[in-house]
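A.B. asks: Since chain E is already given, all that's left is putting chain C on it; use the hints.
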Amino acid sequence: MLYWDQEKECMPREILLDLQLRRLKEAVYRVYTFVPAYRAKFDAAGIKPDDINTLEDLKQLPFTTKQDLRDNYPFSLFAVPMSEVVRIHSSSGTTGKPTVVGYTRKDLDIWSELMARALTSASGTKRSVIQNAYGYGLFTGGLGVHYGAERIGASVIPSSGGNTKRQIMLMQDFGTTHLTCTPSYALFMAEVMGEMGIKPSDLKLQAGIFGAEPWSENMRREIENKLGIKAFDIYGLSEIIGPGVAIECTAKQGLHIAEDHFLAEIIDPITEEVLPDGALGELVITAMTKEALPLIRYRTRDLTTLNREQCECGRTHVRMEKVLGRSDDMVIIRGVNVFPSMVESVLLNIPGVEPHYLLIVERIGNLDELEVQVEVSEVIFSDEIRKLESLGRRITKELESALGVAVKVRLVEPKTIARSEGKAKRVFDNRNI
Amino acid sequence: MAKQISVFLENKSGRLAHVTRVLGDAGINIRALSIADTSDFGILRLIVNDPVKAYKILKEAGFTVSETEVIAVRMPDSPGGLASVLDQMSEENLNIEYLYAFLGMTGNDALVVFKVEDFQKAKVAFETKQIKFLDEQELYQL
Chain E
0 MLYWDQEKEC MPREILLDLQ LRRLKEAVYR VYTFVPAYRA KFDAAGIKPD
50 DINTLEDLKQ LPFTTKQDLR DNYPFSLFAV PMSEVVRIHS SSGTTGKPTV
100 VGYTRKDLDI WSELMARALT SASGTKRSVI QNAYGYGLFT GGLGVHYGAE
150 RIGASVIPSS GGNTKRQIML MQDFGTTHLT CTPSYALFMA EVMGEMGIKP
200 SDLKLQAGIF GAEPWSENMR REIENKLGIK AFDIYGLSEI IGPGVAIECT
250 AKQGLHIAED HFLAEIIDPI TEEVLPDGAL GELVITAMTK EALPLIRYRT
300 RDLTTLNREQ CECGRTHVRM EKVLGRSDDM VIIRGVNVFP SMVESVLLNI
350 PGVEPHYLLI VERIGNLDEL EVQVEVSEVI FSDEIRKLES LGRRITKELE
400 SALGVAVKVR LVEPKTIARS EGKAKRVFDN RNI
Chain C
0 MAKQISVFLE NKSGRLAHVT RVLGDAGINI RALSIADTSD FGILRLIVND
50 PVKAYKILKE AGFTVSETEV IAVRMPDSPG GLASVLDQMS EENLNIEYLY
100 AFLGMTGNDA LVVFKVEDFQ KAKVAFETKQ IKFLDEQELY QL
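Same order as they appear, the protein sequences are chains E and C.
With the first letter of the first sequence counted as 1, position 79 gets the number 78 in numbering that gives the first Met the number 0; the numbers rise by one all the way through.
With the first letter of the second sequence counted as 1, position 134 gets the number 133 in numbering that gives the first Met the number 0; the numbers rise by one all the way through.
In isolation and in its complexed conformation, chain E is listed as follows (with noise of 0.2 Å):
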């Protein structure tokens, strides 16, 4: 099957942008009648809801960030009383109060529904056997997943996160077909398989929906080729809604935005200027369709690049290029902006070299310094010290001349960087500033 919904994936551009602007004109007046906090926004920027006339106008509207959420906490952002409520999800928290989102019946309803479109994107139908292994909970991974899962008629494994062995297991009993996780814990997985000795011809799986983090390219190289399968890349964030904002087709040209909920939007992340299509920028949405939490203009810190080219899917709907990094995950050393998935597509490129790194950057005197920390696997390892450190140096040459800073790389014995079960920290920074 091609699509879920054709008539709202492939519609025609001009009606989709007429009911962008039905959708926002109600968002509007949701949150400026039912939010406080919106209302104080609005008229601090001297905006009425009859001001938003046509799609241009939404560059008038204030942002909304994650600080507000959490001003906010728990609930005060809920357009709906609470009555019409049915199901909070949250953040885990760990830099600060955790961000709170609700949904109602309808919500949860639109949820499913984009999940399912993603899931058929990503080669789903009724005859898969979905295995999701991302965490169940307040996280939105599992849960979404599940739900778009059940609503295509797969048989849903709701594996969660974890306890990897027994994954492997039921991926081999259970004739798991599709693997729902994050990038780092699908390579983790294969690298588990591998010590346990089973091939990927041992199993039924054919393709894997990874997402809640950013990964490159080689990435996607790297798992499709050491489980043999496709892998499609999923985007979504539970302010928004959860998994299901954005999902790849099988051109893999990008990911389709389901436009007829989201509105989106590039901008400069400093001056906060509205950037022009296939400019690289901070990724801005709003949740026009929401009932329990309508976000408008919600900053992602995701960076990446829009194109509103008609895809070979037959799509209409805007395509994001995969997400290069947060800006929350960018490290600015000596003035340059480094990304954790600029090195693993370094990395990767080297022949052996295994995907597991850790970016470490410190303050020696008033110097930034990164250091870039590589496994060494058996294929790369040799007994010989000038061969190991012709290694060393050909890493850290094609680092700094694509990272454009000073790189110290230090490789370091297998296994010693933690592997991940859920998102991948790369990134310690160890700067007192």
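Hints listed in this document are in silico derivations from the structure and should not be mistaken for laboratory results.
Note that beta-carbon positions come from the ideal geometry of N, C-alpha and C, so glycine has one too.
Errors might be hidden in some of the hints.
What the hints assert, rightly or not - In silico BS3-like pairs for lysine-lysine, Cα to Cα no more than 25 Å straight-line:
hint, chain 1, residue 1, chain 2, residue 2
1, C, Lys2, C, Lys122
2, C, Lys122, E, Lys414
3, E, Lys407, C, Lys11
As the list claims (entries may be wrong) - Across the chosen pairs, the derived CB separations fall in these ranges:
hint, chain 1, residue 1, chain 2, residue 2, range
4, C, Ser12, E, Thr124, 53 to 59 Å
5, E, Arg333, C, His17, 36 to 42 Å
6, C, Lys122, E, Asn336, 53 to 59 Å
7, E, Glu223, C, Pro75, 58 to 64 Å
8, C, Gln129, E, Ala417, 51 to 57 Å
9, E, Arg385, C, Lys122, 51 to 57 Å
10, C, Glu96, E, Thr270, 54 to 60 Å
C.D. replies: Same frame as chain E, but now just chain C:
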């Protein structure tokens, strides 16, 4: 001809102790060893009584390990013994990657482990020059 086990070690305290403990617990006897090091990491090279088993258990313990072909050369344990072997190797244009001495001795002879650039060439040259080297079984049973 002999198999050397090479192990990648980070330059951190306790790593060498860990490798030797793993080998000791498995009843592996180290016959010769050398460490080449840089500021960040080192390579431990070992001749042991059972290289197949040593490779397996070190790999299971999570180390990066490889097997390398080396030659254990027997030479008189007297002044000039090594020099004479090196002279002959030089005459045959054999390039040496590294070498290290064996812990024990055999009678009046000393043993030195050589890693050469071209293993086959060295074998032929040693035979023409009548340089004595130990076969695998002889070496492991020392």
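A.B. asks: Does each hint fit the structure? Answer for all of them.
C.D. replies: Structure-based check of all given hints:
1. Taking the CA atoms of lysine 2 (chain C) and lysine 122 (chain C), the gap is about 15 Å. The hint holds against a cut of 25 Å.
2. Proposed proximity of lysine 122 (chain C) and lysine 414 (chain E) is contradicted: the alpha carbons are some 38 Å apart, above 25 Å.
3. The straight-line distance between the Cα atoms of lysine 407 (chain E) and lysine 11 (chain C) is roughly 17 Å, inside the 25 Å bound, and the hint therefore holds.
4. A hinted range of 53 to 59 Å for the beta carbons of serine 12 (chain C) and threonine 124 (chain E) is consistent with their spacing of about 56 Å.
5. The given range of 36 to 42 Å is respected by arginine 333 (chain E) and histidine 17 (chain C), whose C-beta atoms sit roughly 37 Å from each other.
6. Judged by the Cβ atoms, the range 53 to 59 Å given for lysine 122 (chain C) and asparagine 336 (chain E) holds: they are separated by roughly 55 Å.
7. For the pair glutamate 223 (chain E) and proline 75 (chain C), the beta carbons lie near 60 Å from each other, so the given range of 58 to 64 Å is met.
8. Between glutamine 129 (chain C) and alanine 417 (chain E) the beta carbons are some 55 Å apart, a value that agrees with the proposed interval 51 to 57 Å.
9. Look at arginine 385 (chain E) against lysine 122 (chain C): about 24 Å separates their beta carbons, and that is not inside 51 to 57 Å.
10. At about 57 Å, the beta-carbon gap between glutamate 96 (chain C) and threonine 270 (chain E) stays in the expected band of 54 to 60 Å.
Of the numbered hints given earlier, the model fails hints 2, 9; all others are met.
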